[in-house]
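Q: Taking the hints into account, I'd like the entire structure generated from these sequences.
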Amino acid sequence: MLMKFVRVMVAGVLILGLAAGAAFSADTVRIGALVPLTGAAAADGLSALNSLKIAVDNVNAEGGILGKRLELIYYDDRADAKEAVALAHKLIGQDRVVAVVGGSYSMPSRAVATIFQEEEIPFVAAYAVHPDVTKAGDFCFRNGFLAAVEGKAAAKVATQMLGAKRIALLYSDIDFGRTLSEGFKQYVSKNAPGVEIVYDQAYPFPEKDFKPYLSKIKEISPDLIMVNGYYFQTGPILKQAKGMGIKSMILGEEGADSPKLVEIAGPSAAEGFMIVTNLNRDDERPVVQNFIREFKGRYGFDPDMVGASAYDGLMIIVDAMNRAGTTDAKKVRDAIAATSNYNGLTGVIKGFDSEGEVVKPVQVQIIKLGEYRYFAEVDDPEVITP
Amino acid sequence: MDLFLEQLLNGIAIGFIYALITSGLALVYGILRILHVAHAAIYALGAYAGLGIYSITGNLFLALIVSMAACSLVGVAIEKFVYFPLLKYPPYVPLIGSIALLLGIEEVLRLVAGPYIHAFPAEIPVPGFHFGPITMSPVLVTVYLVTVIVLFGLWFLSTRTELGLAMRASSQDIQIAGSLGINTSRIISTTFIIGSSTAAVAGILVGIYFNQVYPTMGAVPAYKTLALIVVGGLGSVPGAVLASVLLGISETLLIGYANIPLPRDALAFIAMIAVLMWRPQGLLGRR
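Chains as they are written, first to last, in the working numbering: chain A, 1 to 386; chain B, 387 to 673.
Calculated from the structure, these hints are not laboratory results.
Yeah, the Cβ is synthetic: ideal placement off N, Cα and C, and Gly gets one too.
There may be inaccurate statements among the hints.
Per the computed footprint, the stretches of chain A lying under chain B, defined by three or more beta-carbons under 8 Å from a beta-carbon of chain B, are [claimed, not checked]:
(1) 38 to 51
(2) 208 to 217
(3) 226 to 239
(4) 255 to 268
A: The structure is reproduced here in structure tokens:
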């Protein structure tokens with residue numbers, strides 16, 4: 001008898017709670033986000049979340065979406081596909097979000113993309129790179145570059161802007177590193193006759209000791225070393241290469257786009273290192289300068305491309321809702337697909353192709369006095385269109 | 387030839403680092419027959435404690451001492467409060483507890499110091515060396531010096547002191563050692579203190595060598611050291627050291643001279659499978 005009473009009470013409290021939640025949500029627009037806040041990807045997850053919070057505050061300071069307050073509902077997916085799937089269902093079933101920003105890695109993002117597609121909820125992956133994320137269907141978009149695009153852009157920088165003739169490739173042995181290197185090699189074999197790839201080697205993801213690879217590269221002595229990897233891989237490469245007296249130019253990619261890179265490599269080894277990425281710190285548009293100032297003021301260090309990409313991921317959805325004049329999923333989807341020359345933090349977004357892949361210029365940044373600075377921009381349509 | 391020597395020197399350094407982490411694990415296995423996976427978390431804790439003290443005081447020696455003390459404390463606490471109550475269960479129960487500790491300590495480090503990688507830009511009071519075309523950076527020299535000192539200390543302690551005799555006796559048969567009047571509970575704690583301090587030294591050295599300290603830095607050592615103590619002979623510290631140095635050298639030379647399609651970390655496990663097939667007692671283990 002007592003148990004039954006308790007059960008009824010619990011059920012009652014739950015129903016009341018849900019009703020209160022529903023009533024509360026009526027005057028807010030709920031957008032969901034999945035970010036890895038614990039485990040090995042926690043640093044990127046925190047970058048993404050910190051930037052998303054700035055985006056939410058900016059939107060609400062300017063009156064919200066369609067007259068309603070924007071509410072961000074985020075969960076920690078630990079960059080784990082199983083976790084992300086459960087949380088995606090929670091975002092849909094319990095929180096009833098109208099759109100979702102994917103602030104996590106490729107494995108979880110691929111897994112949830114199919115769910116959001118099935119439930120017809122617009123999903124914008126901020127920086128996940130795997131091609132399958134957008135292949136889930138027409139509700140899935142990506143604000144980061146495909147690895148192949150970035151690889152082609154890097155090859156253009158290496159061969160045309162820096163004039164390298166003999167190039168060594170050293171890349172992290174994950175999908176991203178391999179695809180980026182493929183794109184690089186494709187561009188070289190098609191557009192750069194006379195340029196030779198003299199070394200081509202993958203290293204395992206958790207690698208810390210790059211001396212065996214670098215000894216070999218030192219012997220070959222190429223004009224340029226293309227290093228594909230995250231800042232915690234590329235940083236030690238720069239430091240160890242400098243220690244071994246390697247004089248070749250070194251070019252990296254967005255994985256190395258973090259203020260932590262300089263800290264890990266040391267200022268003298270990092271000086272002059274270049275990357276292809278999507279955040280241009282010297283872009284004078286207010287959206288960029290205000291974000292950098294706000295981020296630094298709130299968190300005490302410089303933002304990176306992961307955070308900037310997450311910011312844009314959310315803002316692309318907000319912009320589409322404002323243009324569509326509704327949060328209706330299909331109309332928002334159409335509005336995202338129709339995005340054109342949007343004034344984004346990670347560059348002026350020309351739009352999305354039929355697969356949902358972003359089209360925008362690739363930024364080339366160089367480290368000067370310990371900070372990433374503008375070096376060039378690659379916007380040839382044949383390079384940046386996936 | 388120069389390239390070969392340079393590779394060899396780097397390989398031995400990597401092997402030495404493995405040896406420092408693995409020897410503590412071998413000690414603990416020898417005495418409690420527990421796979422102390424959380425040892426890798428103590429190693430990460432050691433790096434954080436060292437970095438914390440170093441950035442406050444700028445004194446590397448003080449950082450080393452405080453970090454060793456902190457790790458010993460945590461090591462003994464793990465032994466007293468987690469392993470000891472679980473000893474009466476089958477060995478996989480303390481192993482599960484140990485894995486939980488590894489993940490838990492990782493997350494505590496993240497909560498306290500943040501998820502970002504910290505650099506460890508230590509000023510090292512040791513000169514670098516040039517032998518003709520071969521250069522040994524100050525950090526490399528430090529890795530060699532410190533490892534040799536620590537390993538010599540371990541050897542001296544276990545073969546030339548009464549404490550070492552008691553430790554070896556307890557690791558052969560803890561009940562008989564106890565019945566002969568050895569205070570085995572104190573010996574177990576001492577083993578954890580020695581193992582955890584060695585892990586602290588390893589954590590600081592790795593932090594400086596790669597200039598990185600981060601919450602999940604124990605993740606790879608956690609499984610690689612398990613393979614290494616099997617290869618060396620479960621519970622044999624000299625075996626663990628030998629296996630570590632051999633692995634460091636072979637990893638480095640294989641990457642440098644053969645473009646093997648296998649990831650570096652697979653090598654430890656190939657060696658483990660080979661040892662289990664042909665010499666199950668390990669390189670220096672007893673049957």
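Q: Now tell me, hint by hint, if it's right for this structure.
A: Verification of the supplied hints:
A stretch counts as covered by a chain when three or more of its residues have a beta carbon under 8 Å from one of that chain; for the region 38 to 51 of chain A and chain B the count is 7, and the coverage holds. For a cut-off of 8 Å, the count of residues in the region 208 to 217 of chain A with a CB near a CB of chain B stands at 7, and the three-residue condition holds. Taking a C-beta to C-beta cut-off of 8 Å, the region 226 to 239 of chain A contributes 5 residues in contact with chain B, enough for the three needed, and the coverage statement holds. Against chain B, the region 255 to 268 of chain A contributes 5 residues with a C-beta closer than 8 Å to a partner C-beta. That satisfies the three-residue criterion, and the hint holds.
Of the numbered hints listed earlier, not one is contradicted by the structure.
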